[in-house]
Amino acid sequence: MHSESDMGVMTGGLAEAGVIPDAAWEREFEARLADSSTLAFRVALGVLHNREDAEDVAQEAFVRAYRSFHLLRDRERFRGWLARIAWRLALDRRRGTDRREKRELAAFDPPPAPTVEDLAVSRQFEERLERAMDELPDKLRMVLVLAGVEGYDTRETARLLSLPEGTVKSRLHAARKQLAAKLRGFL
Amino acid sequence: MKCKRYQPWLADKALGALDARREADLAAHLAACSGCRAALDREQLLFAAIHRGVAKSVAASPSPEMAARIRRQVATEAAAAEHAWQFGSRHWIPVAVAAALLIAFGSFWLIHRRSVELVATRSAAAKPAPSFGHPAPAAGTAGGVEPKAGASPVKQAMTARVATRRVRTKVARTSPAEPEVLVEKDEAALVIQLYNAARSGRMDGASLVAVPPGLKRDADGNIVPAPLEISPLEIAKLDSGKEATQSEDNR
Chain X
1 MHSESDMGVM TGGLAEAGVI PDAAWEREFE ARLADSSTLA FRVALGVLHN REDAEDVAQE
61 AFVRAYRSFH LLRDRERFRG WLARIAWRLA LDRRRGTDRR EKRELAAFDP PPAPTVEDLA
121 VSRQFEERLE RAMDELPDKL RMVLVLAGVE GYDTRETARL LSLPEGTVKS RLHAARKQLA
181 AKLRGFL
Chain L
1 MKCKRYQPWL ADKALGALDA RREADLAAHL AACSGCRAAL DREQLLFAAI HRGVAKSVAA
61 SPSPEMAARI RRQVATEAAA AEHAWQFGSR HWIPVAVAAA LLIAFGSFWL IHRRSVELVA
121 TRSAAAKPAP SFGHPAPAAG TAGGVEPKAG ASPVKQAMTA RVATRRVRTK VARTSPAEPE
181 VLVEKDEAAL VIQLYNAARS GRMDGASLVA VPPGLKRDAD GNIVPAPLEI SPLEIAKLDS
241 GKEATQSEDN R
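Residue numbers (the numbering used here), protein chains in the order written: chain X, 1 to 187; chain L, 1 to 251.
One chain only, chain L, in its complex shape (with noise of 0.2 angstroms):
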């Protein structure tokens, strides 16, 4: 019986990783149980066999060939990469100069637009606008938007741009076409008549105001206030039974 207490315990004394406490209990055990003592020469043969079954598994050593091989697999990947990164030097030179290009280009093009945008704003703003009643805007000053001397040009000519616009929006409120004038329908031609006769200057405009109520002309034709008048207050009288009945009726 306790011989089986102390087998579990052999593998751990073969290794060499038993306790002190159980070390010296099982050194006393084994001086007086033979089975026991041929129980760990056995654990200790089989654990010296697996030692140098693995060693053994593990001690060959490679064949010279092997680093042969590595070096010229990893020579291939070594120029494998420079030729990449040569090619790929190559390949963006050319994109690398076509993209300069194209940016010196679309700068230039955009320079030179703003140049001739400008030139042609100013020689617009230099001509006499078409006057309507309202006189044009010197160049320059249209709209009351004058560039600061020494600006730069391209904000020069944004003010300009700005002005044109400004002068553009006038002419258009001032067009000569003719006015629409909603009026009734029998009343069309006196309207007519009248546009005309104030368009050609031959009526007064004051002449033409009509007279508010409350209001008169006097002898020289000003519209005066007229005198106030107030009709006297009229009473009922309330003597009659019959009306006093509707009244209470009524409320």
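The shape of chain X in the complex, shown without the other chains (with noise of 0.2 angstroms):
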């Protein structure tokens, strides 16, 4: 796992820094927005279960990595770190300001054809599901939302987090066991 300070970007402007982007900079980062905006949003979601919090959070999440673009070397690790820095920007957020009573609630895509029951029930349902996903420890979380993510399997979660994929493994089964133990009697 990252070191806090791998993860540290810079909270200044480009000017602060000295750095002027070029085009080459601007063409890359423009590729690397079209590439990873969804993932950044999605991170962020995972944690605040919000979608205006969560784009807010994406965003502040892209202008971050850009003003430290140039520091990152290895820029293949960028999706990655981008989602390291959505993630803490989200719980920076959710800790700083409780939103939970102003959450949009349909703001998720409606299943399809759903009865009323149903419907009423999977809210339940998620609602509960959040709330059980909030209580976890963070180094499960962020492997869970992760591995949610649509086309993250564990080899990739474990690439996005440069951690082992045993680890990985053995952290997302933790975390479906613990989400099992608090949802077990809602069924």
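No wet-lab data here; the hints were simulated from the structure.
Just so you know, even glycine gets a beta-carbon here, dropped at the ideal spot from N, CA and C.
Just to be clear, a hint being listed does not mean it is correct.
No farther apart than 16 angstroms at their CA atoms in a straight line, the calculated lysine to aspartate or glutamate pairs in the EDC-like style are these [unchecked claim]: (1) X:Lys169 with L:Asp19; (2) X:Lys169 with L:Asp12; (3) X:Lys182 with X:Asp134; (4) L:Lys56 with X:Glu130.
Take a look, some chain X residues computed to stay more than 12 angstroms from chain L by CB distance [to be verified]: (5) Glu26; (6) Leu72; (7) Arg77; (8) Leu91; (9) Glu126; (10) Arg141; (11) Arg155; (12) Pro164; (13) His173.
Given two chains presented individually in distinct reference frames, assemble the corresponding complex, making use of the accompanying hints.
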């Protein structure tokens, strides 16, 4: 796992860093934006469970990544780097402001043709699941969220987090068992 | 009782993480226990719901406006950085020019000051120094310090300054001020008379030399050793018993 300093990003502007982005910088960053904006958004969403907040966090994560783009020598690791920035920002936002009451419960895509009862049950389950996810330790929750992102299997998650694949598997297993322990009475 | 043993395994079985030995053991039990089969179905249903719920919680996509907002903010930052860099460059140019001018003027002033001092020192050294029995050294050789031929102007100026300082020291030591002499109160008039006579040349300095003990003057006035006169040794006679008794008492 990367240390906090490795995850550190510039909080000041480019002017403070004395960095003048050139055309190649802009092109490369634009490619990263198209490639990784959804990832940053989904990581933030996995923490915040709120679309607007997740978009704000993803935007902030990208701007910070842009400021520190010149510091990341291995730009292939940009996605993992961005995911960690978004994760940290989302946790900070969640800890800073309690917006649970303002969540948009209807923000997610509705399931196909649900009945009223199914929808009610589904929403209750989702709320319980979100609460259970929020109570997970950060290490387990991040693995769970990244593994839940479409297209990210255990290997991809391990690569993003720079962790051994076995570690990701064991954390994912522990996270699911802890969630099951809290949701077992629901079914 | 057997079911309690297998219930903790059901979650691992549903997650596909049960080791091979327990897998076989549990399979044998499930074949004979409908309750545990139903519990396993519930576990599998629960984990499937969790998996779907987690995936669903992160399945949403950001709005297209998010990328546009990011581009706008990044463009603003880039423009601000470029503006700051340009302003910084313009701001530093006059500072750098001012610093260069200051250094140039400072260097010119120092060189000019050295040159003026060198000329003044040479002029002062060329004048004959006042002599009070010690002739002043020639210019450029005062005090035995002579600038080497071909030496740099700065070194010549420093040598001249050293020479000037030494000449001034000698002048101070040969000041014509009247000497101060401490004498006894009743001998002051005699000493002044003697001083005036010696200074006017009316008195020979040699005649002022006092004759030390053990010497004497001959007929020509020269000081010669006096003949040694030794008085005879006188030894007291020890024939008195009273004196002997006193000697013992003294001891």
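- Violating hint indices (sorted, rising): Checked against the structure, the hints that fail are numbers 5, 9, 10 and 13, while the rest are satisfied.
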